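Enquirer: Turn these sequences into a full structure, and let the hints steer you where they fit.
2 protein chains.
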Amino acid sequence: MEPKLFFRLFLLIITACFIVFFTSTSFSHAPSSTAKLFDCTKSSSSPLCASRNFLFNKKTRPIAQNVPKTKPKNHDHVSDTPNHPLDPLTVMELNKVRSILSSHALFASRAPHTLNSVVLEEPDKNLVRQWDKGDQLPPRKASVIARVGGDSHLLTVDLSTNLVDLVDSPVRKSGYPIVTTEEMDSAASAPFSNADFNRTILSRGINLTDVVCIPMSSGWFGNKEDNKRVTKIQCFSSQGTPNFYMRPIEGLTLLFDLYTKQILEITDTGQSIPIPGLINTDYRYSNFPNRDKTRPLNPISIEQPHGPSFVIEDNHIVKWANWEFHLKPDPRAGLIISRVRVHDPDTEETREVMYKGFVSELFIPYMDPSEAWYFKTYMDAGEYGLGLQTMPLEPLNDCPRNAVYMDGIFAAFDGTPFVRENMICVFESYAGDIAWRHTEYPVPGTPLLREVRPKVTLVVRMVASVGNYDYIIDYEFQTDGLMRAKVGLSGILMVKGTSYVNKNQVKKDKEGNEEELYGNILSENVIGVIHDHYVTFYLDLDVDGPDNSFLKVNLKRQETAPGESPRKSYMKASPIHTCPTRSDPKMVQSSTRPKIDAVDLSPNIPRLMAKEPSSRGGVLGHNVPHRKLEGILKKDGQIKLSLYDPSEYHVINSGKTTRVGNPTGYKIVPRATAASLLDHDDPPQKRGAFTNNQIWVTPYNKSEQWAGGLFTYQSHGDDTLAVWSDRDRDIENKDIVVWYTLGFHHIPCQEDFPIMPTVSSSFDLKPANFFERNPILKAAPNFEYDLPVCGAKSVST
Amino acid sequence: MEPKLFFRLFLLIITACFIVFFTSTSFSHAPSSTAKLFDCTKSSSSPLCASRNFLFNKKTRPIAQNVPKTKPKNHDHVSDTPNHPLDPLTVMELNKVRSILSSHALFASRAPHTLNSVVLEEPDKNLVRQWDKGDQLPPRKASVIARVGGDSHLLTVDLSTNLVDLVDSPVRKSGYPIVTTEEMDSAASAPFSNADFNRTILSRGINLTDVVCIPMSSGWFGNKEDNKRVTKIQCFSSQGTPNFYMRPIEGLTLLFDLYTKQILEITDTGQSIPIPGLINTDYRYSNFPNRDKTRPLNPISIEQPHGPSFVIEDNHIVKWANWEFHLKPDPRAGLIISRVRVHDPDTEETREVMYKGFVSELFIPYMDPSEAWYFKTYMDAGEYGLGLQTMPLEPLNDCPRNAVYMDGIFAAFDGTPFVRENMICVFESYAGDIAWRHTEYPVPGTPLLREVRPKVTLVVRMVASVGNYDYIIDYEFQTDGLMRAKVGLSGILMVKGTSYVNKNQVKKDKEGNEEELYGNILSENVIGVIHDHYVTFYLDLDVDGPDNSFLKVNLKRQETAPGESPRKSYMKASPIHTCPTRSDPKMVQSSTRPKIDAVDLSPNIPRLMAKEPSSRGGVLGHNVPHRKLEGILKKDGQIKLSLYDPSEYHVINSGKTTRVGNPTGYKIVPRATAASLLDHDDPPQKRGAFTNNQIWVTPYNKSEQWAGGLFTYQSHGDDTLAVWSDRDRDIENKDIVVWYTLGFHHIPCQEDFPIMPTVSSSFDLKPANFFERNPILKAAPNFEYDLPVCGAKSVST
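Line by line, the protein sequences give chains P and G. For the first sequence, the UniProt record's numbering begins at 1 and goes up steadily by one. For the second sequence, the UniProt record's numbering begins at 1 and goes up steadily by one.
None of these hints come from the bench; they were simulated from the model. All of these numbers come straight from a predicted model, not from anything done at the bench. Check the hints yourself; a few may be wrong.
Treat identical chains as interchangeable: a pair holds within one or across any two.
Unchecked claim - Restricting the straight-line Cα-Cα distance to at most 20 Å, the calculated cross-link-like pairs of lysine-lysine (PhoX-like) are:
| # | residue 1 | residue 2 |
| --- | --- | --- |
| 1 | 173 | 702 |
| 2 | 640 | 556 |
| 3 | 261 | 125 |
| 4 | 508 | 572 |
| 5 | 503 | 572 |
| 6 | 734 | 667 |
| 7 | 734 | 702 |
| 8 | 261 | 778 |
Expert: This is the structure we're talking about:
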């Protein structure tokens with residue numbers, strides 16, 4: 001969750017310096033390279049290396065030198081130019097933003113200032129939708145979030161006019177922007193300057209050189225944190241292991257002011273708790289001389305003798321099978337997929353499905369209310385930035401051999417651009433699964449029927465290591481029109497020290513109830529603390545264009561009439577009619593406002609009608625006046641899932657129907673998930689209120705993209721999706737956005753120690769009467785003569 | 001659901017004849033062969049080909065000749081001998097059973113008789129568990145279900161003593177055994193001898209030669225079906241398409257007596273409904289001259305330059321990575337996995353996980369109560385046999401190139417053995433996923449950490465084409481100890497004819513409510529009828545041996561005390577204490593008996609304790625007296641899942657703990673599923689009452705294996721898992737069986753026409769404090785030098 005980023009500062013500055021000035025020199029872009037570290041101290045006389053001091057001062061430190069490898073010329077990104085309205089800001093553009101801002105009055109003061117976010121200000125949706133390859137790009141603009149002194153500012157920089165628009169300056173709502181590497185670095189080193197801290201460390205018998213401290217976002221718990229940008233700091237012993245997370249110095253917490261750089265408070269509740277041992281904590285392959293003693297697995301690989309079937313045009317347009325979309329790295333969301341369109345084999349049209357999809361926010365509440373743990377309620381996208389927390393993916397292991405990689409270009413906290421190499425991979429996956437099949441026993445005169453089509457998918461992957469946890473985010477495309485968003489959790493647990501070495505030591509009260517541990521004992525002196533993960537996706541579906549409606553189809557038992565049938569009952573699919581009943585009393589939480597799931601849909605209420613038919617529509621697509629369909633949600637929709645009160649959730653274009661009259665649509669198909677059980681009035685749940693429902697539907701609003709609010713850090717929960725959704729806005733035949741939250745309860749067990757096997761879940765966006773028929777009816781089976789001829793490269797190597 | 005098996009009869013007899021007599025001749029075992037048809041009419045003078053007349057008489061018909069290909073000698077199965085106590089009956093053994101029974105008094109009568117099931121009578125569990133390779137096999141026995149005249153008989157045939165034990169003869173409980181191919185064949189041809197039938201077909205303008213009729217199990221709906229073994233028959237037009245399922249002759253239903261071979265009743269409610277057209281119904285690749293016009297996919301393959309990592313020893317013992325298990329085909333369950341054990345890298349022990357796992361029953365209720373549809377409430381395992389409904393898997397498409405295949409040896413309805421070739425495949429899958437990973441930004445003096453391990457799994461697959469539907473059943477093993485059972489649904493919908501060609505024609509009543517269609521219009525005159533699929537798995541988990549308990553850990557919101565914490569709440573994991581509350585009032589169905597989820601667990605009640613410690617246990621395993629653990633279910637357990645009242649479900653060995661004192665365990669991890677909404681008193685739901693809960697826990701009872709009862713066909717629901725579970729038997733520290741039901745609601749959409757893209761779901765059995773730590777900590781990453789060197793075989797081919 002929480003970055004430990006002692007040296008991120010240097011990594012970023014130096015990378016940026018390098019990119020600007022040393023693109024033709026020996027810089028590592030090799031996939032297997034480790035971090036690219038270039039020592040700016042040696043080039044500090046260079047004007048641009050000095051530029052890292054432009055917005056603030058940061059003293060340099062010696063860092064380990066890596067030997068950079070030769071970098072292919074076309075991957076240096078210095079000469080990148082935007083090709084599409086949604087392309088991210090280039091190195092040149094980021095430098096220009098920095099240059100424009102450097103002369104702006106806002107940054108004239110001597111107060112510390114940082115650029116917390118510099119990203120493309122995306123053009124209006126209509127402009128983007130109308131743009132075709134070859135057209136001039138709409139004006140390029142940057143959206144900038146800056147801190148100057150104690151204030152946040154939201155700016156737009158026009159790169160054609162050089163004008164700066166102070167959109168919200170200073171920002172007056174609660175919350176702060178993403179913490180910067182500079183801030184994290186200062187927090188990580190601050191304890192060592194504190195005499196009380198050093199004293200308590202020494203009193204525990206630890207060498208200060210073995211201590212690693214990491215900042216942890218503080219959440220927000222009421223007035224005492226108001227008007228101070230703070231972080232909690234906790235520390236670990238790295239003595240003898242790279243896996244210091246397993247060796248917490250329990251109960252020792254510091255509160256640090258990120259602006260004044262002062263330690264405000266030290267609490268120490270864990271003096272009696274030993275630091276867990278280092279045995280079995282290391283997970284490096286190089287650490288196991290005997291390696292795995294079980295039957296070894298033979299090498300296995302996905303091979304494509306003719307190469308991948310996809311192309312990435314103009315750096316960002318991915319075209320594969322029947323799909324095409326725009327793909328770009330993003331510092332906050334990790335990656336953004338836009339303009340998703342699919343080819344219709346019947347009409348030969350390329351039809352719109354989704355304008356934009358990305359991870360909007362995460363919420364990871366730990367389930368321990370005690371002093372050293374209560375605040376651990378992370379919102380990793382808005383607090384740290386999923387894209388900023390990526391590392392280069394490891395070829396052959398993070399992604400298979402046939403993967404293609406994409407770099408991210410981000411701005412450092414001083415505005416200098418840097419390259420995050422290989423942060424996204426794109427590959428075709430074939431697991432041996434079946435796309436469709438049927439076997440029919442022969443009837444006389446007909447041949448045996450056995451028709452089977454293998455399932456090949458396209459995966460777009462990024463991995464964010466937000467401190468201890470690793471989030472593997474996959475967007476998977478199937479040729480049958482299904483899109484799957486999948487989240488894999490791996491990495492290292494956040495554990496709690498305990499004096500217990502065995503469960504049988506746990507104290508019991510007079511009634512025999514065991515002491516609450518808030519988790520399970522995973523190893524001697526180690527408790528894995530229970531926590532949840534919520535990942536909220538922003539899904540601006542535009543099914544055949546933006547004018548869509550959300551159709552909730554309830555599945556209910558219908559009893560038959562007496563004498564009607566030998567059956568007593570059947571399941572009926574009914575569009576909802578009125579406010580649904582709350583089937584589960586537990587679902588009615590103590591929220592301060594009544595929950596609306598859907599507003600009255602009774603036919604007596606006048607409805608938005610008579611929209612102009614969409615201008616789209618092909619041979620088989622039938623444009624019809626927007627029709628009155630039962631079950632359409634009219635206002636901001638909020639939906640909780642239930643196994644015994646199931647529904648289907650369709651986004652339909654009621655202005656366009658299939659040949660037989662069904663509105664064209666895509667449905668959201670939840671799979672395994674979890675729901676937050678926290679009190680809705682609990683401060684963390686107020687901030688994470690966007691997880692109160694699994695599905696939300698809102699009208700499109702360009703400013704509503706981050707479910708926890710644009711300014712998430714220490715936010716009060718006054719600018720979340722839950723608040724926007726209360727605005728009771730029309731969503732029928734509108735440009736609507738669907739928000740889906742994927743949840744996990746994590747009750748740690750010993751198998752999670754010292755590093756966790758990946759746990760995954762997913763949800764699907766699936767065509768439902770979007771195509772006239774199975775769109776892969778004509779797909780080809782595999783033939784032996786197509787497949788590669790392979791040999792072992794070098795058995796004896 | 002319902003087999004259309006005109007020629008199964010011949011296939012089986014002839015195959016059997018062939019195997020017995022022509023093993024060295026030109027018989028097709030080539031993977032790409034179609035059905036193996038050998039014309040017994042030409043060999044009918046042979047005494048063994050005549051043997052197909054042993055138990056009944058069936059007139060022969062001309063059939064298409066296939067040219068058999070050379071078959072490898074070692075695959076003829078004629079000389080197979082059993083190597084393991086659980087090995088299925090061999091060809092020789094099946095012949096011996098037939099021989100023993102032929103001289104038994106029971107079959108002396110002239111009444112028609114069939115052998116509906118001949119399978120291994122598995123030895124007692126203790127014998128099997130104690131057996132080691134090299135030991136003598138326990139006595140080999142066959143369990144036989146026979147029909148003689150109108151009676152069913154359950155017999156055991158001892159192959160060493162030749163004695164026949166009449167276990168239950170005649171059987172007096174409700175229900176019948178699996179329908180035979182002979183019965184299905186007679187049903188499929190019966191309508192054509194009926195003048196009324198022929199008249200109504202002709203009156204609809206259809207040629208009788210274009211009509212295909214298929215038997216459909218009738219379910220059970222009260223007294224009128226009592227004491228008659230019947231089937232419904234419905235018919236389709238196969239004119240111009242192999243996909244006759246899309247061309248129903250709607251509303252025409254025949255009731256056929258499988259014993260007397262009489263048509264009892266013809267109902268015809270669909271005279272005004274046209275037969276849907278044939279356009280776009282064909283799905284054969286050979287039918288698309290222009291093939292797929294979208295960007296073609298380049299060939300892709302899973303390659304293993306050194307071959308697969310698993311071995312199959314003695315025909316049935318699969319050993320892969322840390323796993324080993326016994327795998328066998330089964331005519332009813334499809335396949336059975338037994339003696340599943342996993343290697344513990346810490347102790348070097350091979351530890352027991354699951355004694356036996358298989359698909360126990362399916363339940364597929366259609367949601368249309370009208371005359372021609374109400375009875376469609378299939379239970380495919382007990383009515384048709386999943387194994388019997390398999391076809392040879394198609395290499396490269398049903399399973400990837402690196403797959404290994406296993407044949408099934410089953411008995412035909414006259415007891416003759418036949419081979420179902422390539423009915424199971426086993427392969428290693430690598431989709432490009434990640435088993436575990438972590439990236440750590442470097443701190444000064446330490447190298448960058450990036451440790452990633454690819455995820456390779458072992459998949460065991462079978463596919464049953466039960467009439468129109470195809471069930472893809474995967475058992476997937478992960479090296480981290482997780483087992484996944486996955487069900488994929490593909491094949492062809494059962495559709496309903498309608499006079500509507502467009503949704504806008506659907507009639508409305510005065511209130512504006514649309515006529516109930518019980519589904520969606522998928523094409524002109526075609527309605528895809530709503531239905532559910534339930535697949536109930538039998539899981540005899542033996543975690544470190546048979547003495548296990550079931551631990552339900554409830555996750556509940558816990559409010560903090562005033563002043564305790566800045567947090568108001570957290571989620572607490574609590575073993576259940578007393579009868580859980582019914583969180584969802586909808587879950588309380590109108591069953592005639594009160595639901596018990598778990599019995600009182602209050603500490604005042606004396607509990608079963610003081611069992612002897614298990615005799616197992618290694619270096620790190622600690623045997624402890626069976627302890628009093630909170631949350632253990634004591635009596636037959638019945639569990640419903642709920643998103644807002646979540647739990648974890650552990651099977652633990654409370655007599656064995658890990659090093660730090662946790663009971664060793666595996667947990668059942670539900671993923672996406674669905675629950676039946678039918679009235680519990682509805683006849684189909686009474687028969688399918690095993691789907692009333694998602695999880696059931698019962699004490700091991702050798703006779704309780706088939707959730708819908710041993711005699712499923714036309715059963716009344718008086719011998720289901722739901723009935724057994726009401727017996728209130730102890731399940732604490734017992735040999736227990738867990739039953740898990742995976743459900744799907746299927747609301748058809750146009751993309752399902754004319755053949756359905758696969759829909760999948762799954763659940764996991766996952767180690768939870770079973771291992772001391774992550775068991776794949778020492779797994780190796782991929783290295784480039786291990787991977788194959790591949791080339792395109794022949795681009796121009």
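Enquirer: Indicate, hint by hint, whether the structure satisfies it.
Expert: So, going through the hints one by one against the coordinates:
no.: 1; hint: 173 with 702; result: within (18 Å within a copy, 67 Å between copies)
no.: 2; hint: 640 with 556; result: both (16 Å within a copy, 18 Å between copies)
no.: 3; hint: 261 with 125; result: neither (42 Å within a copy, 68 Å between copies)
no.: 4; hint: 508 with 572; result: between (51 Å within a copy, 17 Å between copies)
no.: 5; hint: 503 with 572; result: between (50 Å within a copy, 17 Å between copies)
no.: 6; hint: 734 with 667; result: within (17 Å within a copy, 45 Å between copies)
no.: 7; hint: 734 with 702; result: within (14 Å within a copy, 60 Å between copies)
no.: 8; hint: 261 with 778; result: neither (64 Å within a copy, 42 Å between copies)
Hints 3, 8, counting from the list given before, are not met by this structure.
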